[in-house]
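S.K.: Chain by chain, the residues run as shown.
There are 2 protein chains.
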Amino acid sequence: MKRIKIKELLLTKPEGQTVTAKGWVRTFRNNQFISLNDGSTINNLQAVVELNSVADETLKRITTGACLSVTGELIPSPAKGQAVELKVKELEILGDSDAEKFPLQPKKHSLEFLREIAHLRSRTNTFSAVMRVRHAMAFAVHKFFNDRGFFYIHTPIITGSDAEGAGAMFRVTTLDPNNPPRDEQGKVNFKEDFFGRETNLTVSGQLEGETYALALGDIYTFGPTFRAENSNTTRHLAEFWMIEPEMAFYDIGDNMQLAQEFLQYLVRYALENCSEDLEFLNKRAQEEEQSKPQDQRSELSLIDRLKFVADNDFQRLSYTEAIDILKNSNPNKKKKFQYLVEEWGVDLQSEHERYLVEKHFKKPVILYNYPKDIKAFYMRQNDDDKTVAAMDVLFPGIGEIIGGSQREERYERLVKRVNELSLPEKELWWYLDLRKFGSAPHSGFGLGFERLILFVTGMTNIRDVIAYPRFPGNAEF
Amino acid sequence: MKRIKIKELLLTKPEGQTVTAKGWVRTFRNNQFISLNDGSTINNLQAVVELNSVADETLKRITTGACLSVTGELIPSPAKGQAVELKVKELEILGDSDAEKFPLQPKKHSLEFLREIAHLRSRTNTFSAVMRVRHAMAFAVHKFFNDRGFFYIHTPIITGSDAEGAGAMFRVTTLDPNNPPRDEQGKVNFKEDFFGRETNLTVSGQLEGETYALALGDIYTFGPTFRAENSNTTRHLAEFWMIEPEMAFYDIGDNMQLAQEFLQYLVRYALENCSEDLEFLNKRAQEEEQSKPQDQRSELSLIDRLKFVADNDFQRLSYTEAIDILKNSNPNKKKKFQYLVEEWGVDLQSEHERYLVEKHFKKPVILYNYPKDIKAFYMRQNDDDKTVAAMDVLFPGIGEIIGGSQREERYERLVKRVNELSLPEKELWWYLDLRKFGSAPHSGFGLGFERLILFVTGMTNIRDVIAYPRFPGNAEF
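Protein sequences appear in the order of chains A and B.
Quick note: the first sequence uses the numbering used here, first residue 14, plus one each step.
Quick note: the second sequence uses the numbering used here, first residue 14, plus one each step.
Since the hints were derived computationally from the structure, they do not count as laboratory data.
Hints should not be assumed to be uniformly reliable.
Which copy? The list can't say, so a pair holds if one copy fits it or any two copies do.
[Claimed, not checked] Straight-line Cα separation of at most 20 Å, EDC-like style, residue types lysine to aspartate or glutamate; simulated pairs: (1) Lys200 / Asp189; (2) Lys449 / Glu70; (3) Lys204 / Asp189; (4) Lys388 / Glu438.
All values derive from a computational prediction rather than experimental measurement.
For reference, chain A alone in the conformation it holds in the complex (with noise of 0.2 Å):
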């Protein structure tokens, strides 16, 4: 018989059909109720087994992690929060789970715990659930720019360029490590490795993605990035995923009013269409927060707070205004912040970050016009000479989501700027070219994925939120 899904089963009317459903075992109680999950829903399909009809060696295999085919009716079910159940009339083993050694026993797991089996832990309700959010998400983010006429660029991973300057980099070779080949000043040489030249992990796809908006107009990245920095943070890994759109004829305004918009589309998305996983973490991020105290709990509540984001304009101020604000804050006057606010042109630290969103203004803040000395080469420069057009969307809980800006499209400032920071000119050829060659005012942000996902599940350690994290020291799996 053709398995069905127990998503779909769940939705069917009970009217004793007969039906096959296939899944892993959650827990089985009094030798007769077995919770079946298959991984389409949170939710669990009840299977009953009748007295007698399973033969007491099969019984003693329904263990919790084992898996199973069930065939039987489909009856509604008399039990309290469940329409159907499921009354067992041909039962299978396909695989069984050694009650004493299976890892993940019907009870509560600290996620540190389930980092460690990460090759399991999809098989509970918070990582299945977080894992179903995240692929809503990327769906949503293809269909968002699919639907506005927006390009999916693949920009390369492996990369001979170290323009950017976003981070420390990873090296990609294929020399013996060993015993690399030599020159003649004794150093590694790299003409010898695989590219003919010393090649890293992409740290951005922006500066190859702006060769393509460049030529179709509206294109979108969305792929791994990497950054070799020794950062044991709960924000950060070594691998992560970004989405970077870019678009000509963008200038920093409709930079902002697009940020604003994707965000919003995507937090709507995730309510409309995970409402069930979005329940499950809304409930496990209030059990959280129970266990922190009172003065440090969120005023709203997963749901809320996704619900508070996806109806309200984001607060739109400039880098300079924001100074001013923290400068005259209480945290400020009364030397509460690590890092005090004294001068124009200091960057900003994320308690001054989460200060103006979830203090001062109460919602996601997008700042813009920032000092250029702050900000990255690329940058298009305000008339004022001090300021770039540069703007970063900041969340509550998160900090920056997003980061971007108008791009400088005039050759002479952005060559200016690029020997200022004696950046190395000749290997950016090809991106001064675009400048050259019927340039046009164009902007774009980067969105990192992992951050979103902690923002719209709940969840706090990003190494959550990712199917097998890397950070120093982990590329287990």
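Since chain A is already given, all that's left is putting chain B on it; use the hints.
M.R.: Leaving out everything else, chain B in the frame of chain A:
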């Protein structure tokens, strides 16, 4: 004024309304007719400059490649082949393009030359069409799986596991190349590397994908994969994108069925959503064909080939049947094959696959049940003890486009095979765990995304269907 994309303008009813378009000049004839393209479509907008309405100084700057903003009335076009044109009232040069230096002259350039200016080639008809089709195919991949309840999983790119043995790997490291730390034997000490071990770029997400299939049911990956092989062919890249669905409770028959439905869906999606680009590519391919000797030309045009694949069942046959056909084939008897087919057990070469697909069956072929000795360790062993439940989908002109199998779900059999092949059982602990705890029959396959794009666009070199191709000696841009 808000800019409207040319794709939309060309579908708008011309009623003299004032509109703004922005884009790049393809040609400028008689100081009057501008062909403007903005990448949203293969078609250009004709913008007509009224005599004396634009300053001579500005007219001179309307050169191929320049970026313009034009505002004017949208009116019915008297010219053939276009419904509308724009009568220019205002014209602004957004970005000049020095006619003498711009590498893309309004003439046919060789694909080889265009590869050297990959940052500009996307402004040609051919490459913009290819990249729009590529986008459509990527979106169709996500839509197909999302509609069927599959979940998208981002499997890791950097991996410590080298177990699949699908090919040579790139090493990922942050150690000082000139002076790496050494262990007591004088070997490089990877324990001091970023991840505390030697790591590589993934060759496949399958093994990690299986861990999610046995939790969420149906999943797929779509990400970059890597081969450090020194192949300079028209079919291989060092960095390419792969789609790998993995399904719990699927046997090899279900797997073949899904592969066929998937490919047919993608081809149909292209036919329905990329008709203008495909018409252009169809014409382009026909012109290419003209340069070939008569007997090497395709019997079907590109579009006819796509329709044929969309509408006809693929031929399924076992490896054993294929060997019989090949042994008795004319090219084998007449020793025309470079590798003669003499006995059961040999691996099939590209010439054999093409014979089956293009000469014998004249349709896509799914070969299954291959000798176990030429296939990977994880494939499910058949009862004959000689073959495994592997399958390859073979396409005309492309050869293998999909490779897959039912996976060995039986712990003892799998461990035995791992040891027969001297694979590192210890490193595979997590993969073997799947067979210890709730194992289930499951299957999956991999589709090389660029091979699909070759087939759908009729391009012949895989370096021309990805934004920035990576191959030995080349990591430019």
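S.K.: Please go over all the hints and tell whether each is borne out by the structure.
M.R.: Taking the hints in turn, this is what the structure says about them:
no.	hint	verdict
1	Lys200 / Asp189	both (14 Å within a copy, 11 Å between copies)
2	Lys449 / Glu70	between (78 Å within a copy, 19 Å between copies)
3	Lys204 / Asp189	both (13 Å within a copy, 17 Å between copies)
4	Lys388 / Glu438	within (18 Å within a copy, 49 Å between copies)
Of the numbered hints listed earlier, not one is contradicted by the structure.
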